[in-house]
Amino acid sequence: MSRASGRATGASPWEDALRRLRRNRLAMLGLGILLGFVVAAALAPWITSYAYDKTNLPYGARPPTRAHLFGTDELGRDLLTRILYGARISFAVGILATTVSLTIGVTYGAIAGFRGGRVDHAMMRVVDILYGLPFMFFVILLMVFFGRNILNLFIALGAVQWLTMARIVRGQVLSLRTREFVLAAHAIGAPPGRVLVRHLLPNAVGPIVVYATLTVPAIMLEEAFLSFLGLGVQPPMASWGSLAAEGAAAMEAYPWLIVFPGAALTLTLLSLNFLGDGLRDACDPQLSGRH
Amino acid sequence: MVGYVARRVAGFLPVLFVIISLSFFIMRLAPGGPFDLDRALPDQVRANLEARYRLNEPLGAQYLRYVADVLRGDLGPSFRYPDRTVNELLGLGFPVSLLLGACAMIVALCLGGAAGLLAGAHRNAPLDYVAMSFALFGVSVPNFVLGPMLMLLFALALGWLPVAGWGTWRHLILPAFTLGTFYAAYVARLTRAGMLEVIGQDFIRTARAKGLHESAVVLRHALPSAILPVVSYLGPASAAVLTGSVVVETVFSIPGVGRYFVASALNRDYTMVLGTVIAYSALLLVFNLLVDLLYAFLDPRVHVQ
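The listed protein sequences correspond, in order, to chains B and A.
For the first sequence, the positions run 0 to 290 when numbering that gives the first Met the number 0 is used.
For the second sequence, the positions run 0 to 304 when numbering that gives the first Met the number 0 is used.
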């Protein structure tokens, strides 16, 4: 992004998009909230004086007080501290798994679109079939049978979430590959791989960035879903999903245990969706306000 | 048309075969087995059990036997509930899950469709903003947060609806809304986008020009085209609803298939897990075919052949 805007003077498409994004108040609000969460998660040890895994049974399940702003859980651990440390896991899984899905989706879609014809048809048929399958059931199987650790978690989630990315990239590449500048690149003898990487993909960056932004909340939701089922992050570590699971189990007696993690998760997903929608509108003005 | 359906149905077989093989080998190549209990069994008991369920045969032979059984419609005995077959257990749980999923989809389509239609027809009016804010909220709140919240409010605080369980239509309301809200929000966004796409087109202007009432323009002329994106979303949505039912059935203690899926997997109840995956996949394949036929029916530009 910086390279494109650094080279151009005046209003490059990127600068245009950035300006539109900056004018979008909801997107900026979302960005602000997200940055707030990221900073708070990063500075967690300095924000709270409690350890996320230190239990204190006599002080279990107390409602919010001045010492424990969000109360304590049933084992007496400070809930604010657990939410802050949980944010690290949730964000890390969201970003890493998005990277995995990005890599698979872009590679797959680019190859399908670039080769075209029968290869494209076969590859997209596979995507169509996978789309209709209860994919999360396979993720559940993978998590159950191959160990519930974070590494497996983000590989499994990333491996599930690449289908739409592949479709988007394939569509972009397919429509770009007959354009003059691509023909020119072929004509001067650039090898296919170089045409794809240097000429086609950079022109598809906009939709890729937009969709990747929208993939992060989807994956965070799935991580939370798995952790809720006890298949994600394992205790004493916590992610927002596992905190919500603990809270849901105890909510009749201690409602704050579900309210705070649930609110943190919802607020973050809402912010990511604001930002993703804003980015899409900014990159594609014709679509503005359509979705 | 008949030929198209026949070819699609024939295409189900290889897909199901891949699904069965994938799940079978994921489970069997992983360490652990159904009889690795906390307290180790005597060797002889264990050997007898494994012989009874034919777990002592080579993996390849077990696989071939399983596939042959499935082709005959027999999903085998459950490892965890020794007196029950998987067919029986699915027969009990599947109708429950299906009813819940269908209600959630109805909530999603009615609520989401109406909200999207109103928002699209009143673009940038306050109604539009309100509907779209709810939609954005709806795609951001996870169902395992929404479910306990609704339960806290409508069952525990207000006492209007039962907290959890299964039996009457009143038990269905909270789970159906919990499961359907995300998709209602997504459907609302799709419908609104579809409406905006369609509403500027010539045939809508023609409909208005000949003096039709605005509601007739929207409902009779714009709607069938505007909901096409919603129709193509139905396939992925139904897959996601089935996945979500795992959580919602757990939260509301509903005796469906989803609630037991994770437990079956953790208990290494191989046949039960495979049976559930096969049943769900088959259901989704059939449903996707119906969706494609519906799409061709609604969009005159698409022909099935």
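No lab work stands behind these hints: they were computed from the structure.
Beta carbons are placed, not taken as given, at the ideal position from N, Cα and C, and that holds for glycine.
Treat the hints with caution; some may be incorrect.
As the list claims (entries may be wrong) - Which residues of chain B face chain A? A few of them, derived with a C-beta cut under 7 Å, are:
1) L140
2) F145
3) T177
4) F180
5) V181
6) L220
7) M236
8) A243
9) M250
10) W255
11) I257
12) L268
13) N272
Here's how the hints hold up against the structure:
no.: 1; hint: L140; result: 5 Å, holds
no.: 2; hint: F145; result: 6 Å, holds
no.: 3; hint: T177; result: 23 Å, violated
no.: 4; hint: F180; result: 30 Å, violated
no.: 5; hint: V181; result: 29 Å, violated
no.: 6; hint: L220; result: 6 Å, holds
no.: 7; hint: M236; result: 19 Å, violated
no.: 8; hint: A243; result: 6 Å, holds
no.: 9; hint: M250; result: 5 Å, holds
no.: 10; hint: W255; result: 11 Å, violated
no.: 11; hint: I257; result: 5 Å, holds
no.: 12; hint: L268; result: 4 Å, holds
no.: 13; hint: N272; result: 6 Å, holds
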